[in-house]
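Chains as they are written, first to last, in the numbering used here: chain V, 1 to 261; chain F, 1 to 264.
None of these hints come from the bench; they were simulated from the model.
Remember, it's a predicted structure, so these values are computed and weren't measured experimentally.
Just so you know, even glycine gets a beta-carbon here, dropped at the ideal spot from N, CA and C.
All clues given are correct.
Quick list of the computed label-pair ranges, beta carbon to beta carbon:
id, chain 1, residue 1, chain 2, residue 2, range
1, F, K8, V, A112, 41 to 49 Å
2, V, E199, F, L10, 49 to 57 Å
3, F, K8, V, A166, 35 to 43 Å
4, F, P109, V, E137, 42 to 50 Å
5, F, A250, V, A220, 48 to 56 Å
6, F, V249, V, E113, 26 to 34 Å
7, V, T73, F, L113, 52 to 60 Å
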Amino acid sequence: MQATKTPVLEAVNISKSYGEKQVLADVSFSAGEGEFVCIVGPSGTGKTTLLRTLSALGTANSGEVRVNGMAITRPPAEVSVVFQDYSRSLMPWMRVGKNIELPLRRYKLSPAERTTRVTEALRDVGLEHAKDLYPWEMSGGMQQRVAIARSLAYRPQVLIMDEPFASVDAQTRADLEDLMLDIRARLGVTIVLVTHDIEEAVYLGDKVIVLSGRPASVSATVDVPLGRTRDQISTKSRPDYLELRAKIHAMIMQSPSSVSG
Amino acid sequence: MNRRKLIKVLPWITTPGLLVVLFVVWELSVKALNVSPLVLPPPSKVFENLGDLLGKASTWQNVQVTVIEIAIGFSVGVAAGVVVGVLLGKLPLLEASVRPLIIALEVIPKVALIPLFVIWFGFGMTTKVIIAALLAFFPVMLNVLLGVRSVERGHRDVMQSINASRWQTFTHLEVKSMMPHVFAGMETAIVLAVIGTIVGEYLGGNEGLGYMVVRTLNELNAPALFAVILMLASVGLAMYFIVTSFKRVAIPWHESVYGRKAEG
Ligand SMILES: Nc1ncnc2c1ncn2[C@@H]1O[C@H](COP(=O)(O)OP(=O)(O)O)[C@@H](O)[C@H]1O
Ligand SMILES: [Mg+2]
Chain V
1 MQATKTPVLE AVNISKSYGE KQVLADVSFS AGEGEFVCIV GPSGTGKTTL
51 LRTLSALGTA NSGEVRVNGM AITRPPAEVS VVFQDYSRSL MPWMRVGKNI
101 ELPLRRYKLS PAERTTRVTE ALRDVGLEHA KDLYPWEMSG GMQQRVAIAR
151 SLAYRPQVLI MDEPFASVDA QTRADLEDLM LDIRARLGVT IVLVTHDIEE
201 AVYLGDKVIV LSGRPASVSA TVDVPLGRTR DQISTKSRPD YLELRAKIHA
251 MIMQSPSSVS G
Chain F
1 MNRRKLIKVL PWITTPGLLV VLFVVWELSV KALNVSPLVL PPPSKVFENL
51 GDLLGKASTW QNVQVTVIEI AIGFSVGVAA GVVVGVLLGK LPLLEASVRP
101 LIIALEVIPK VALIPLFVIW FGFGMTTKVI IAALLAFFPV MLNVLLGVRS
151 VERGHRDVMQ SINASRWQTF THLEVKSMMP HVFAGMETAI VLAVIGTIVG
201 EYLGGNEGLG YMVVRTLNEL NAPALFAVIL MLASVGLAMY FIVTSFKRVA
251 IPWHESVYGR KAEG
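Okay, chain V solo, but in the shape it has when bound (with noise of 0.2 Å):
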């Protein structure tokens, strides 16, 4: 990543009060084209706002975000968002193939086209065969991939998931982050994960950013130097990763946010 380059994604003393209360102070991080970002910190700590600021379905207090160097108000369409809650996010009224489609209905597209979009991003999530199920009819999981196909099918360039595998088993969680991985490699999409998760954050990032305290702001941000390629089993005994995980975890112990309020 040169320097020089605009970062794709950039979040800009982002602060943000409900009400009284407020949640974030001054956050700023940057994501650069094909980064992946994980950003990690305790339950209630203000991630899900910052990802509501960040893709403009909420509005910060001050702050600004920029997506290639502008400033968004609204949504913004290169970037999609993954939602915590993939059944409360797919419509059930709607089989895995219209899900997918909806939000193509931004671009003027033609049937055909809308087609080869979903045939695609089904692919890519490995679901070909699901195109005419409905979301109720399969498993977590597989609504969490339907609900990345979705996302993928808008051809963003950055792609925001909060928490996207909290709620699955562990098997299925790794398949999940394997997946991302894969897709960031052969797609080249800029990912901004959200995580409470110290371990997924490292296994998956590029780059972790730790978020603490409250209000929460940037405690750190940390280089994760393991390379592109990384393997559940071989990447997780390295000593450097272990060491990684490690030096997070106190950073995140260490922070005042740890204490639960």
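For this one, chain V is given, so just place chain F with the ligands on it according to the hints.
The following block gives chain F with the ligands in isolation, referenced to the frame of chain V:
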């Protein structure tokens, strides 16, 4: 046959069986105890009368009147209920200002108003249609009002994140999430519409199944009265069945539909 399949088919075998047992016991006890046919006619008599009635064109005329009254009243009530429900759901200020009125109207036993409608609208079909519509209106309106407000937050986020217009959000999201509430209201509404129509026919007019009940009662013709009641019950059941079948087709994705299927 496994247990699940058995549970599924069992009612289809036992229900006719139970009915037959009921009729046999009824027939035998009426005979054995020498009950006056004016109080409880034996089922054989009832079915004989039913056969006679079904053979008459005038009976079918009356069935037709009742069915038309129910159908129009129900449709008008549902349509009005949906429109008012959406408006009140979307406009909280309006809803707050008319809420006391709605609650008052909800609580009034509307059947008590029927004589008034007879005075205002006469003894014809109009009165019954209005009663059926009024009774059908409230459950639909209240369900839709609730439905409009209970759109999943996550689904709203999805629409917002793709910059959907208000109209797109309405057609792709709000209308769809409202449908189960509309159908829940309709299932109550059809039952009430049938009741309203028949009570309306009891009180005024000279046509419809309700009128036949009154006439056979006045003639003290118990077997015919039972036969008419059987016909009324069939019309009510058929109406309810039509509404639930429509629901199965319209919202196969809702758990009130597929849940039952899966449970099997
Ligand atoms: N809409 C809201 N109104 C008021 N307070 C909120 C709202 N959303 C979140 N909060 C508060 O802001 C804090 C951060 O919440 P959130 O961003 O959901 O944290 P996280 O996603 O890290 O768990 C929490 O204390 C939460 O109670
Ligand atoms: Mg959250």
